[in-house]
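**Q** Could you build the full structure based on these sequences and the hints that come with them?
Top line first, the protein sequences correspond to chains A and B.
Note that numbering that gives the first Met the number 0 numbers the first sequence so that position 197 is 196, with each residue one more than the last.
Note that numbering that gives the first Met the number 0 numbers the second sequence so that position 105 is 104, with each residue one more than the last.
Fair warning: there could be bad hints in the mix.
To be verified - From chain B, some residues computed to sit far from chain A (all C-beta separations above 12 Å):
| hint | residue |
| --- | --- |
| 1 | G44 |
| 2 | D72 |
| 3 | E77 |
| 4 | T124 |
Stated by the list, open to error - Simulated pairs of lysine to aspartate or glutamate, DMTMM-like, Cα-Cα distance not exceeding 20 Å:
| hint | chain 1 | residue 1 | chain 2 | residue 2 |
| --- | --- | --- | --- | --- |
| 5 | A | K489 | A | E522 |
| 6 | A | K53 | A | D20 |
| 7 | A | K105 | B | E31 |
| 8 | A | K605 | A | D735 |
| 9 | A | K208 | A | E231 |
| 10 | A | K377 | A | D177 |
| 11 | A | K105 | B | D30 |
| 12 | A | K7 | B | E94 |
| 13 | A | K105 | B | E19 |
| 14 | A | K489 | B | E94 |
| 15 | A | K489 | A | D454 |
| 16 | A | K299 | A | D454 |
| 17 | A | K105 | A | E64 |
| 18 | B | K2 | A | E64 |
| 19 | A | K602 | A | D678 |
| 20 | B | K2 | B | D30 |
These aren't lab readings, by the way, just hints derived from the structure by calculation.
Note that CB positions come from ideal geometry on N, CA and C, so glycine has one too.
What follows is the residue order along each chain.
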Amino acid sequence: MAEAVDLKAIGTRPVRPDGIDKVTGRAAFGADLNLPNMLHGKVLRSPHAHARIKSVDISRAAAAEGVMAAVSGADFPGNASDLGKNVIARDKVLYHGHAVAAVAAKTQLQAEAALELIDVEYEVLEPVMSLDQAMADGATLVNENQHTNGDTSKPASNVAATQRFERGDLEAGFAEADVIVESEHRVPMAHQGYIEPHACTATVNEDGKSTVWCCTQGHFDVRSLTAQVLGESVGNIKVIPSEIGGGFGGKTTIYLEPLAVKMSQMSGRPVKMTMSREDVFRATGPTSGTWCRAKVGAKKDGTFTAASAWLAYEAGAFPGAPIGPGCMSVLAPYEVPNLVIEGNDVLVNKPKVCAYRAPGAPQSMHAMECAIDELARKLNMDPIELRLKNAAGEGTVAPYGPRFPAIGLRECLEAAKEHPNYTAPVPEGAGRGLAVGFWFNIGMQSSAEVRIAEDGAVTVMEGSPDIGGSRASMALMAAETLGVPYERVKAHVGDTEATGFCNVTGGSRTTFATGMAVIQACEDIIAQCKQRAALTWDLDEEQVDWVDGEAVPKPGVNADVNPLSLADIARGAGRTGGPLLGRASLNAQGAGASFSCNFTDAKVDKETGKVDILSFTAVQDAGRAIHPSYVEGQMQGGAVQGIGWALNEEYIYDADGVMENAGFLDYRVPVASDMPMIDTQIIEVPNPFHPYGVRGVGETPIVAPLAAVSNAVRDQLGFRIDDLPLSPPRVLEAIDGQEGGE
Amino acid sequence: MSKTHVSTTINGDQMEFLCEPHQTLLEVLRDELGLTGTKEGCATGDCGACSVMVDGRLVCSCLMLGVEADGVDLTTIEGIATPDGLHVIQEKYLEHAALQCGICTPGFIVATKALLDRNPNPDETTIRYWLAGNLCRCTGYDKIVRAVQDAAQTLAYEA
Ligand code: FES
Ligand code: FES
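**A** Laid out in C-alpha cells, this is it:
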C-alpha cells in the first residue's frame with residue numbers, strides 16, 4: 000500500500016510532458032488541422048424549438064457553386080437512434096439549433112451561401128420549455144412515443160424515466176425528528192463552457208476507410224458512435240484525438256463527425272467542420288435545469304432521523320438526464336436511517352443534455368445542503384458539527400447500495416474546522432456558507448503499453464485524452480513504479496489504431512483506471528527485466544529483485560554480479576529475448592468515492608444585488624495526489640465553475656424557445672477579476688483499491704460550491720433565496736420583496 | 000471578390016499575404032498563414048483566445064480585419080519564445096501549472112506579455128482586471144495569476 004513505500008516521483012510537481020507545445024502555440028487542437036483540397040462543412044440548424052419536418056429539399060444547395068456534398072437526415076441509416084436523431088433530425092426538430100441538413104463546399108462562404116438554398120417545410124408545434132409545463136397533465140409531448148420507463152400500458156409522457164432509492168420507514172423517521180426542514184430549489188440549465196468549440200476533420204480514402212481528427216474526451220467512443228450513426232463497422236474508422244480544449248463531460252458524445260465522414264465519402268475530399276460559439280450553446284452540452292425538493296429531520300442533538308429528496312431534471316430533447324447520479328449523490332455523505340430519493344428524467348425542447356462535471360450531483364446536493372444549512376441554524380449548531388455528527392465513514396451503506404470502504408469525508412470536515420479561513424471571523428457585513436460535495440467516481444476499461452527504448456527511455460502509450468495534465472500523472476506513476484527518473488518517461492495518447500481501447504476521459508477515471516493500467520504495464524516490464532537479468536546471471540527468476548530501477552540478486556542469493564539497470568537490460572535486450580514491451584488492460588473496479596468540504600465568505604451589495612466572493616476554500620480527499628498542482632487545479636477550476644453557476648450562469652429562453660444568451664457576452668462565465676484566489680487543501684485518505692491510493696478528483700470540486708455560495712448569501716441576508724443563479728436581478732428582487740414584507 | 004495585398008511584420012518577419020476583404024486577422028493567421036497557435040473561442044471578442052499584439056497593443060484578432068494588418072507589427076504566440084528558449088512568462092505558466100487543457104494559454108500568454116511590457120510590477124487586482132478579457136474555464140485563474148506574479152518578479156530581478 001502507498002503508506003508503506005517511500006515515494007520518489009509521486010507527489011512531486013514536474014512540468015507536464017505536453018507543456019512546452021501548449022505554451023508556444025504548437026499543440027494542435029480540434030480546429031488546427033488543415034488538409035490539402037479540404038472542404039468546409041456547415042450545418043443548417045432548426046429555427047424552431049419544436050416542429051414537425053414536412054420536407055427537406057437539399058437539391059438546390061447541392062447544385063450551388065463550390066458545393067461538393069449535401070446531406071439531410073435521410074442520408075443516415077443509423078439515424079433511428081436518439082443519438083442519430085440528435086446528430087441530424089429526421090421527422091421532428093426538438094430544439095432551436097437542432098441540425099437539419101449540412102453541406103460541404105470549397106470555401107466557407109460558399110458553404111454558408113448554400114445553406115440558404117436548403118428548403119425545409121416545418122409544421123411548428125408548441126415548445127415544451129419548463130419542467131412544470133412538461134410534467135403538467137395534458138402537456139404537449141416532446142416525443143409522442145415516449146412512455147415513462149418504457150411502460151406502454153400508461154399514456155405517453157414527457158417523463159422518460161424515474162429512479163427511486165428507499166430505506167427504512169420514512170414516515171416513522173420524520174415522526175422521530177425534533178426538527179424538520181423542507182425546501183424547494185430550482186437550478187437553471189448551464190453549459191460546460193469549454194473554450195474550444197467542437198471541431199473535426201474527416202477524410203475518406205478510396206478504399207472506404209475513414210480517418211477522423213477531432214477534439215474529444217474519448218476517441219474510441221467517437222469511433223463506435225460514428226460507426227453506429229453511419230451504419231458502418233468500427234474497423235472502417237480511425238479516430239485521432241487532437242489536443243482537447245476543455246470538455247468537462249461535454250465532449251463525450253458526437254455531433255459533427257458522422258456529417259463530416261459522410262460528406263467526405265460523397266465528395267472524395269477531406270471535410271472540416273467547426274462549430275461557432277453560438278452553435279456550441281444552442282446544440283451541445285448543456286446540463287439539466289432542475290427542480291428539487293429536499294426534506295431532512297433530526298433529533299435535538301443533530302442526529303438525522305430521516306431525509307427525502309424529489310428531483311426533476313431536464314433531459315433536453317432526448318432521455319438521459321443524470322438522475323441516477325443525482326439520486327446517488329444527494330444523501331451520500333450522511334448516515335440516514337430512513338430515506339426516500341426519487342428522480343424524474345424529463346423531456347423538454349432544449350438541447351439534449353450531456354455530462355457536465357459530476358453530472359447531476361451539484362443540483363441535487365445544492366438542495367440538500369441548503370436544507371441541512373437551515374437545519375443547523377434551527378438546531379443552533381455549527382454546520383461542520385452537524386455534518387460530522389452524521390457523516391458517512393468506512394462501513395456506511397450508501398443510499399445507492401454499496402458499503403463505503405475507507406473514505407475521507409470526516410477528514411475533510413475536520414480539516415475545514417481547523418482551517419485558518421474557517422477559524423477567522425467572518426468579514427464585516429459578509430456571510431459565510433459551507434457545504435459538502437461528493438462524487439462516486441468510476442473505473443471502466445483502459446489499456447496501456449510501456450515500451451523501453453534501447454537506451455532505457457520509457458514511452459507510455461495509452462488512450463485517455465489528456466484534458467488537464469494526465470500525461471504528467473501517467474509519467475509520474477510509471478517513473479515511480481519502474482524506479483526511473485520522471486524525465487526518462489514520455490507519456491503519449493495514441494489514436495484508435497495506435498493503442499488499446501480506453502473508455503472516455505470522464506467520471507474522474509483517468510488517473511485512477513488508466514493509471515492502474517500504466518502501473519500494471521510497468522509491472523509487466525519489471526517482471527520481464529527480472530527474467531532477463533536471471534537469464535544473464537544464470538539465476539532463477541525468483542532469485543532476482545527489482546530495486547530502485549535495477550535488477551539485483553535477492554538478499555541471500557549468492558551471486559557476484561553488478562546490478563542491471565533498465566537501460567542495461569534494454570541495451571542487451573536483443574540477446575535476452577527481444578525488445579521490452581509491457582502491456583496491461585483492465586476493467587477497473589474500486590474507484591474510491593471522493594468527498595469535499597467547501598466554504599466561502601461572500602458579500603452581497605444590497606444596492607445592486609451583486610454578490611462578491613471574498614474568499615473560497617476547498618478541502619477535498621484525493622486519495623493520493625499524483626501531481627498535486629493538477630489536483631489543486633481541478634479543485635480550483637471546479638470551484639469557479641460552481642461559483643459561476645451559483646451566481647450568473649443560466650440558459651435564458653424567450654417564449655418561442657429560442658435561447659437569448661448564446662454567447663460569452665450574455666452567458667457570463669467567471670473572469671479573473673470576479674474571483675479571489677481559491678485556497679485548497681488536499682486530504683489524502685488512500686483508496687484501498689489503487690496501488691498508490693488514487694481517487695478520482697475531477698468532478699467533486701463543482702458539487703459543493705452551489706450550496707456553499709447560497710448558504711453564504713443566506714448567512715448575510717438573514718433569509719434564503721432558494722433558486723439559482725444568485726444574479727443581481729434575482730438578489731435585488733428578493734431583497735426588495737423582503738423589505739416590502741417587513 | 001478580389002483579394003487585397005497586405006504587407007506586415009509578424010514576429011519580426013516581413014510577411015506578405017493576399018486576403019479577402021471580409022477575412023478577420025484571426026482567419027488569416029490560422030487559415031492562410033498556418034499560425035494556428037492563435038485560437039478561436041468565440042469569434043465575437045468575448046474570450047481572448049485569439050489575443051495578439053498589434054504594434055505592442057493587445058488586440059482580439061477576431062475583431063480585426065486581415066487587411067488592417069497592413070504596415071503593422073504583429074506578435075503572436077509563435078513569437079513569444081526566442082531561439083534561446085522559452086520566455087520567462089511561458090516558463091512560469093509551466094512551473095505553476097497555470098494551464099490544464101491549454102486552449103486559452105496562447106491568449107493568456109500574449110495578454111500577460113502585453114501587460115508586463117507596459118507595467119512590470121502589477122498588483123493582483125491589476126493582473127485580474129487586465130486578464131478579465133481572457134476566459135479560462137479550467138483553472139479558476141488562481142494559478143494563472145500566480146504565474147503572472149512570479150513572471151513579473153523574475154523579469155524584474157533579471158532586469
Ligand atoms: S475568438 Fe476572439 S475573443 Fe474569442
Ligand atoms: S486551461 Fe482550459 S481554458 Fe484555460
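**Q** So, for every hint listed, does it hold in this structure?
**A** Going down the list of hints, with the structure as the test:
1. G44: 8 Å, violated
2. D72: At about 18 Å from chain A, D72 (chain B) clears the 12 Å cut-off, so the statement holds.
3. E77: E77 (chain B) not clear of chain A: closest Cβ-Cβ about 5 Å, inside 12 Å.
4. T124: Given a closest Cβ separation of 8 Å, the condition is violated.
5. A:K489 x A:E522: Roughly 17 Å between the alpha carbons, so the hint for K489 (chain A) and E522 (chain A) holds.
6. A:K53 x A:D20: 50 Å, violated
7. A:K105 x B:E31: 15 Å, holds
8. A:K605 x A:D735: 10 Å, holds
9. A:K208 x A:E231: The hint holds at about 10 Å.
10. A:K377 x A:D177: 10 Å, holds
11. A:K105 x B:D30: Distance of about 13 Å is within 20 Å: holds.
12. A:K7 x B:E94: 19 Å, holds
13. A:K105 x B:E19: 15 Å, holds
14. A:K489 x B:E94: 18 Å, holds
15. A:K489 x A:D454: Status holds; Cα separation ~14 Å.
16. A:K299 x A:D454: 68 Å, violated
17. A:K105 x A:E64: Holds, because 9 Å separates the two Cα atoms, which is no more than 20 Å.
18. B:K2 x A:E64: Holds: K2 (chain B) and E64 (chain A) sit about 19 Å apart, inside 20 Å.
19. A:K602 x A:D678: Distance of about 18 Å is within 20 Å: holds.
20. B:K2 x B:D30: Distance of about 15 Å is within 20 Å: holds.
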